[in-house]
Amino acid sequence: MNQRNFRLRDRAARCLAAVSLGLAALMAGPAQAAGAGAAGYPDKPIRFIVPFSAGGQFDYIARLVAVPLGKELGQTIIVENVGGGGGNLGGAKVANAPADGYTLLEYGGNFAIAKHLSPKLSFDPIADLAPVSGLSIAPHVVLVSSALPVKTFQELLAYARANPGKLSYGSPGVGSSMHLTFETLKQHFGLDAIHVPYRGGSNALNDLAGGQIDIGIVAVAPAMPFIASGKIRALAVTSAKRAASLPEVPSVAELGYAGFDSGSWAGIAVPKGTPQEIIDRLNAAVGRAMQDAQVLEALASQSFTPIPGTPQQLRKLIDDESARYGPLIDKLGLQAD
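The sequence shown runs -33 to -1, 1 to 304 under mature numbering (1 follows the signal peptide of the UniProt record, and there is no 0).
The hints are simulated quantities; they were obtained by calculation from the structure and are not laboratory data. Heads up, a few of these hints could be off.
Computed cross-link-like contacts, BS3-like style, restricted to lysine-lysine with a CA-CA straight-line distance of at most 25 Å [what the hints assert, rightly or not]: (1) 153 to 198; (2) 133 to 198; (3) 82 to 60; (4) 298 to 87; (5) 283 to 133; (6) 239 to 11; (7) 118 to 87; (8) 208 to 82; (9) 208 to 118; (10) 87 to 153; (11) 60 to 11; (12) 133 to 153; (13) 60 to 283; (14) 153 to 38; (15) 198 to 239; (16) 133 to 118; (17) 153 to 82.
Cβ-Cβ distance ranges computed for the label pairs, FRET-style [claimed, not checked]: (18) 265 to 228: 20 to 26 Å; (19) 89 to 34: 29 to 35 Å; (20) 286 to 56: 20 to 26 Å; (21) 155 to 279: 26 to 32 Å.
All C-beta atoms, glycine included, are put in the ideal place defined by N, C-alpha and C.
Please construct the entire structure, taking both the sequences and the accompanying hints into account.
Structure, rendered in C-alpha cells:
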C-alpha cells in the first residue's frame, strides 16, 4: 500500500472512531443524567397532591403521612389540595407533571373507575400514573335511622321485602365507593332501596339522623358520634372482618356474602415514566413512614388499617377495583356529575 492510501485509511478510521464515541456519549447522556438524578433524589421539596378539598378523609391521611415521609426522604413534603371533578383535576395535574419524583398523587379507588364514570377524561388515571405504595384502607358501615323498626341486617332485608319501593339510602355521591358497594349489596341480597346521592358523607349522616332517609353507607370514623348518640344504628361493616371500633357489628361476609371486602383506600402514585430507582426510593420511605408509632395510633383511632406494600400490590388493588365496579357502573349507566 502506498503512503498516500495509508494516510487516507488512517484518517477515515480516526473519524469513524470519533463518530462512534460521539454517538455513544449521546446515547449514554440521558441515561447517566437520569441515574444521577435518581442517585441524588430528592434534593428539593416534594409536592403531595390531594385530589380533594381540605378536611376530608384523603386530606387527613396525606397530612398524617407527610411528616414522617419527609423525615425518611430528608425533604419537606408540601401537601397541596387540588379538588374538583371527583378528584380528576388533581389527578390530571400529577399525570401531566414532570416524571421526576417531585410530584406525588394521593391515589384512591375513584381513579380505578374514573374512565367508566367519565369516558372523556383528558388523561387515563390508570395508564398515565405509576403506583408507588398503598397507604391505608377503612371499611364502610351500613346504617339505618333509629326511626326505622329494624335492629339487624336480616331485619332490614325482611322489612325491605315487606315494603317494596319505600326505602331510600344515602351515600357520599354518585360513583363513590360507598354508592357502588351498596349497589353490589343490593344485587346480592335482593335489597330494594332508592339511592339518594349527597355531596359528602356528613350531609348523608345528618339526614339519616334526622330521618330524611332510611339507610346510609359511609366510612366508619365519621359515623361513630352518630352511632354513640343513638340516632342511627350500625348493622354491618363491609370489610372481610369486623372493625375494631365496632366489634359488635357483623361483617357483610358473616351475613352471607362470603369473601366480600370493600372499603375506602388510599395510596401514592407518580407520573408514568418516573425512573424505577425513584419509585423504589419512595416505596421504601413510605413503608418506613407507615411504621411510625404516631401514624399507627392515629390510623387506628379513625378505623384505618395501614396497607403499605409494593407497587405491584397497589397495581393489583387498582385492577381489582376496576374489574369489580367498572361493569357495574356500565350496567347502571352511571355518569359523573
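Hints and how they fare:
Of the supplied pair hints, the one linking residue 153 and residue 198 holds, its CA atoms being roughly 24 Å apart against a limit of 25 Å. In summary, the hint linking residue 133 to residue 198 is supported, as the alpha carbons are separated by about 20 Å, within the 25 Å threshold. Using a Cα cut-off of 25 Å, the hinted pair residue 82 and residue 60 holds, with the two alpha carbons roughly 16 Å apart. Annotation: proposed proximity of residue 298 to residue 87 holds, straight-line Cα distance about 18 Å (limit 25 Å).
For the hint pairing residue 283 with residue 133, the CA-to-CA distance comes to about 39 Å; that exceeds 25 Å, so the pair is violated. Distance check on the hinted pair: residue 239 and residue 11 sit about 20 Å apart at the alpha-carbon level, within 25 Å; holds. Our distance criterion of 25 Å between C-alpha atoms is broken by residue 118 and residue 87, whose separation comes to about 44 Å. Between the alpha carbons of residue 208 and residue 82 the distance comes to roughly 30 Å, so the proposed pair goes past 25 Å and is violated.
Among the hinted pairs, residue 208 with residue 118 is consistent with the structure: their alpha-carbon atoms are about 20 Å apart, no more than 25 Å. Taken as a hint, the residue 87 and residue 153 pair is broken in the structure, with Cα atoms around 29 Å apart against an allowance of 25 Å. The suggested pairing of residue 60 with residue 11 holds, with an alpha-carbon distance near 19 Å, which does not exceed 25 Å. A C-alpha spacing of about 14 Å is found between residue 133 and residue 153, which places the hinted pair at or below 25 Å, so the restraint holds.
Using a Cα cut-off of 25 Å, the hinted pair residue 60 and residue 283 holds, with the two alpha carbons roughly 24 Å apart. Pair hint residue 153 plus residue 38 does not hold up; C-alpha atoms about 45 Å apart against a cutoff of 25 Å. Taking the CA atoms of residue 198 and residue 239, the gap is near 47 Å; set against the 25 Å cutoff, the hint is violated. A threshold of 25 Å between alpha carbons decides the hint, and for residue 133 with residue 118 the separation of about 18 Å falls inside it, so the pair holds.
Only pairs whose Cα atoms come within 25 Å are accepted, and residue 153 paired with residue 82 is accepted, the gap being roughly 24 Å. Here the CB-CB span from residue 265 to residue 228 is close to 23 Å, well matched to the stated 20 to 26 Å. The hinted window of 29 to 35 Å between residue 89 and residue 34 holds, with their beta carbons roughly 33 Å apart. A hinted range of 20 to 26 Å holds for the C-beta pair residue 286 and residue 56, which are about 24 Å apart.
A hinted range of 26 to 32 Å for the beta carbons of residue 155 and residue 279 is consistent with their spacing of about 30 Å.
Of the hints listed earlier, those the structure fails to meet are numbers 5, 7, 8, 10, 14, 15, in rising order.
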